[in-house]
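Student: Sequence:
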Amino acid sequence: MRIYTLPVIIVLILGLIIDAYIYFQIKGNKKSTTRILRNIHVATAIALGAFAIFLAIAPKSLWVHHLPSLTICIYGYVSIIICKLAFTIISILGLISHRSKVRQTVNYLATALSTCALGYMIYASAVTRYDIEVKNIEISHPLVPKSFDGYRIAQFSDFHLGSLSKNSTFVKEVVDAINAQNADMIVFTGDLVNGESIEADPFVRDLSKLHAPDGVISILGNHDYGDYHIWDDPAEKVADIAHMCDLQRRAGWRLLLDETLAVTRGNDSIMIIGVENIGNKSFHTYGDLRRAYKSLNDDKFKVLLSHCTYPWTDDVVPNTNIALTLSGHTHAMQSIFTIFGKKYSPASRIYDQWGGLYSEGDQHIYVNIGMGCVGIPARFGARPEITIITLKHKE
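Heads up, the sequence shown is in our numbering, so the first residue is 4 and it goes up one at a time.
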């Protein structure tokens, strides 16, 4: 039995129960339109069941090179199942009443709500996922040299190009949107791909069109080390990491691997520190902050590029005077919901800093919620983000 066959069987049984319930709810209605809906329901139920069975028994070789398309199909399948489940739960609640009018009204309500839910899930995948948002923040700090007052950094993160197949339209839109900001520097804070560096190959030409006076600076994220791909030989993983570094350099990016770049204006300078990924128990650690920059408490204004947020709480705040950390990684779990003007994300249950600006005294971290998708090919209110950070000298 394949490792994912059991979950598919469970979903099939659950779907069969749900579809049977919906069928018998529709069956009693003699209207012609209802008969049409009943036939559509039966046809889609059979099609979805066949898809699930195919997914369980098909050899990996049939879909391994079509993961983006497969992911979208699975997302559509799960979306329909969830909406049918929502209809069934609401409809069953209507059975509490013995009045047929009430039951009918509840069924209409269940249909409307489940249809709206399905529409929202489609919207999150087809629209919000590609609806780029530019956010502006200002960082005032006494260590910002006067010559850097107004200096603008454009940050983007977590592109996950493997989720785009070879469609470069969105990549071109991102490049154009970033270039339109006319920032002094562009930084990318990791996770260019999902599992293999070759996922980025079709997009190198487009990515090379990013431009800023002080260049494009990048670091690697946890997905850029090949940890999520099964390699036949450890040497293949080493070669893949080398290829990842090479393609970023071919795009004209300055990749920082536990290194520091000094940006100068006359006699003044700010330091851009780029660390390799520093994770926790769930994510591998490759980086070393002290290897990247030894004088972590000097009088320079320092910007740390760290894919994961963990170093900020564990090391940066208690042990250094690094003024600004730029991170990604969380994606806000691709879900942000605004309730009474306040934003909520399930990512807040996992990450202390999941999206936006956080401060401890004169130390700040900005968490960009990313550009792409991994896992679920949708973004629920968490639009792809470009962040413009403006530095200000503080007296």
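Keep in mind that a hint or two might mislead.
[As the list claims (entries may be wrong)] Straight-line alpha carbon distances no greater than 27 Å define the calculated DSS-like cross-link-like pairs of lysine-lysine that follow:
{"#": "1", "residue 1": "149", "residue 2": "345"}
{"#": "2", "residue 1": "297", "residue 2": "397"}
{"#": "3", "residue 1": "175", "residue 2": "345"}
{"#": "4", "residue 1": "138", "residue 2": "345"}
{"#": "5", "residue 1": "297", "residue 2": "138"}
{"#": "6", "residue 1": "303", "residue 2": "175"}
{"#": "7", "residue 1": "138", "residue 2": "175"}
Don't read these hints as lab results, they were simulated from the structure.
Student: Decide, hint by hint, whether the structure agrees.
Tutor: Results of checking the hints against the structure:
no.: 1; hint: 149 - 345; result: violated (35 Å)
no.: 2; hint: 297 - 397; result: holds (25 Å)
no.: 3; hint: 175 - 345; result: violated (32 Å)
no.: 4; hint: 138 - 345; result: holds (17 Å)
no.: 5; hint: 297 - 138; result: violated (32 Å)
no.: 6; hint: 303 - 175; result: violated (36 Å)
no.: 7; hint: 138 - 175; result: holds (19 Å)
Violation of the numbered hints given earlier is confined to hints 1, 3, 5 and 6; the remaining hints are satisfied by the structure.
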